[in-house]
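The listed protein sequences derive, respectively, from chains A and B.
So for the first sequence, numbering that gives the first Met the number 0 puts the first residue at 0; every next one is plus one.
So for the second sequence, numbering that gives the first Met the number 0 puts the first residue at 0; every next one is plus one.
Incorrect hints may appear among the rest.
As the list claims (entries may be wrong) - Just a few of them, taken from the derived set where beta-carbon distance is under 7 Å, the chain B residues facing chain A: (1) Leu41; (2) Tyr43; (3) Met51; (4) Val110; (5) Ala114; (6) Asp118; (7) Glu119; (8) Val123; (9) Met125.
What the hints assert, rightly or not - The calculated lysine to aspartate or glutamate pairs, modelled on DMTMM-like cross-linking and capped at a C-alpha distance of 20 Å, are: (10) A/Lys110 / B/Glu115; (11) A/Lys54 / A/Asp99; (12) A/Lys110 / B/Glu119; (13) A/Lys110 / B/Glu12; (14) A/Lys111 / B/Asp29; (15) A/Lys110 / B/Asp20; (16) B/Lys59 / B/Asp29; (17) A/Lys111 / B/Glu103; (18) A/Lys115 / B/Glu115; (19) A/Lys87 / A/Glu53; (20) A/Lys9 / B/Asp20; (21) A/Lys110 / B/Glu103; (22) B/Lys75 / B/Glu103; (23) A/Lys115 / B/Glu103; (24) A/Lys30 / B/Asp20; (25) A/Lys111 / B/Asp97; (26) A/Lys30 / B/Glu115; (27) A/Lys108 / B/Glu119; (28) A/Lys111 / B/Asp20.
No wet-lab data here; the hints were simulated from the structure.
These figures come from a predicted structure and were not determined experimentally.
We treat Cβ as the ideally placed atom computed from N, Cα and C, and that holds for glycine.
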Amino acid sequence: MSSSLIIIDKAPYGHENALSGIYIAIASLDKGHNSDVLLMGDGVYAAQKNQSAEKTIVYPSVSELIYSLFPNGTLFVHLDSLTQRGMKYEDLVEIAELIDNKTLYNLSKSKKHLIKI
Amino acid sequence: MTTPHNENMSNKETMVIVLLDGPYISQYADIGYTMAKSALNLGYGVKIFLYMDSVHIPRKDQNPRDFPNISQNFAKLIKKGCEIKACVRCAAARGYTDQSHYLEGVEITSVYNLAEWMDENSKVVMLGS
Chain A
0 MSSSLIIIDK APYGHENALS GIYIAIASLD KGHNSDVLLM GDGVYAAQKN
50 QSAEKTIVYP SVSELIYSLF PNGTLFVHLD SLTQRGMKYE DLVEIAELID
100 NKTLYNLSKS KKHLIKI
Chain B
0 MTTPHNENMS NKETMVIVLL DGPYISQYAD IGYTMAKSAL NLGYGVKIFL
50 YMDSVHIPRK DQNPRDFPNI SQNFAKLIKK GCEIKACVRC AAARGYTDQS
100 HYLEGVEITS VYNLAEWMDE NSKVVMLGS
């Protein structure tokens with residue numbers, strides 16, 4: 000079984016990347032791959048709960064789309080990136096899992112493909 | 000339509016290049032072309048998936064005055080056996096509702112095809128900003 004880690008480091012809505020990265024993850028999970036998503040840098044904003052993109056800027060809500068990863072894929076949020084932006088675990092969607100640098104290293108080593116978008 | 004098989008392909012490994020940027024705004028399309036050409040010449044399989052703004056790359060009748068014509072270069076890759084597919088969501092959003100504007104051999108397909116390409120025998124390279 001193939002495996003991949005899709006790394007998103009851009010904030011949602013400012014760029015198409017976050018949405019497109021999640022679509023890759025959903026597609027690869029559908030094909031039976033062991034795929035997860037990592038939000039780091041400004042990408043952590045994609046996991047902030049209570050987003051209102053659909054009502055305000057008429058964009059698909061990235062935070063709602065993220066739930067499509069569940070239960071086969073995991074949404075990792077880089078702990079350092081979150082802390083640097085003054086955010087807390089409580090600010091995130093329920094399926095988010097925090098990941099520190101050491102665990103991230105091991106996760107990256109375990110994946111066949113690292114997809115940074 | 001199907002693309003010609005790379006007759007020089009002697010390796011099982013395939014390089015999958017995912018492009019994100021449109022032509023000329025960055026060098027990524029040219030870099031992707033150079034990487035693909037080199038890999039094909041070495042006997043590897045090469046597949047290119049056009050995602051987001053990169054769906055503009057295979058548009059026919061481009062006429063850049065100051066840059067290499069990326070569309071013509073991609074046509075050379077197709078002749079060498081490179082498989083090129085464009086994301087249908089990205090293409091439709093940018094007005095490419097069918098393949099009439101594209102080079103012959105470029106297929107509009109879904110991101111699920113990219114997922115199929117991400118197998119154990121491939122290596123994915125993302126190029127874009």
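To see whether the hints hold, each was checked on the structure:
1. Leu41: violated (21 Å)
2. Tyr43: violated (16 Å)
3. Met51: Cβ of methionine 51 of chain B sits 5 Å from chain A, so the hint holds.
4. Val110: holds (5 Å)
5. Ala114: Holds - the Cβ of alanine 114 of chain B comes within 7 Å of chain A, reaching about 4 Å at its closest.
6. Asp118: Since the shortest Cβ distance to chain A is 5 Å, the answer is holds.
7. Glu119: Cβ of glutamate 119 of chain B sits 5 Å from chain A, so the hint holds.
8. Val123: holds (5 Å)
9. Met125: holds (6 Å)
10. A/Lys110 / B/Glu115: holds (16 Å)
11. A/Lys54 / A/Asp99: Outside the cut-off at roughly 34 Å; violated.
12. A/Lys110 / B/Glu119: holds (11 Å)
13. A/Lys110 / B/Glu12: holds (17 Å)
14. A/Lys111 / B/Asp29: violated (26 Å)
15. A/Lys110 / B/Asp20: Status violated; Cα separation ~25 Å.
16. B/Lys59 / B/Asp29: holds (16 Å)
17. A/Lys111 / B/Glu103: violated (32 Å)
18. A/Lys115 / B/Glu115: Holds, at roughly 18 Å.
19. A/Lys87 / A/Glu53: violated (24 Å)
20. A/Lys9 / B/Asp20: holds (15 Å)
21. A/Lys110 / B/Glu103: Answer violated: lysine 110 of chain A to glutamate 103 of chain B is near 35 Å, above 20 Å.
22. B/Lys75 / B/Glu103: Judged against 20 Å, a Cα distance of about 11 Å means the pair holds.
23. A/Lys115 / B/Glu103: Between lysine 115 of chain A and glutamate 103 of chain B the Cα gap is close to 30 Å, so the pair fails against 20 Å, i.e. violated.
24. A/Lys30 / B/Asp20: violated (26 Å)
25. A/Lys111 / B/Asp97: violated (33 Å)
26. A/Lys30 / B/Glu115: holds (7 Å)
27. A/Lys108 / B/Glu119: Judged against 20 Å, a Cα distance of about 15 Å means the pair holds.
28. A/Lys111 / B/Asp20: Violated. Lysine 111 of chain A to aspartate 20 of chain B sits at ~24 Å, over the 20 Å cutoff.
Violated hints, listed in ascending order, are 1, 2, 11, 14, 15, 17, 19, 21, 23, 24, 25, 28; each of the other numbered hints is respected by the structure.
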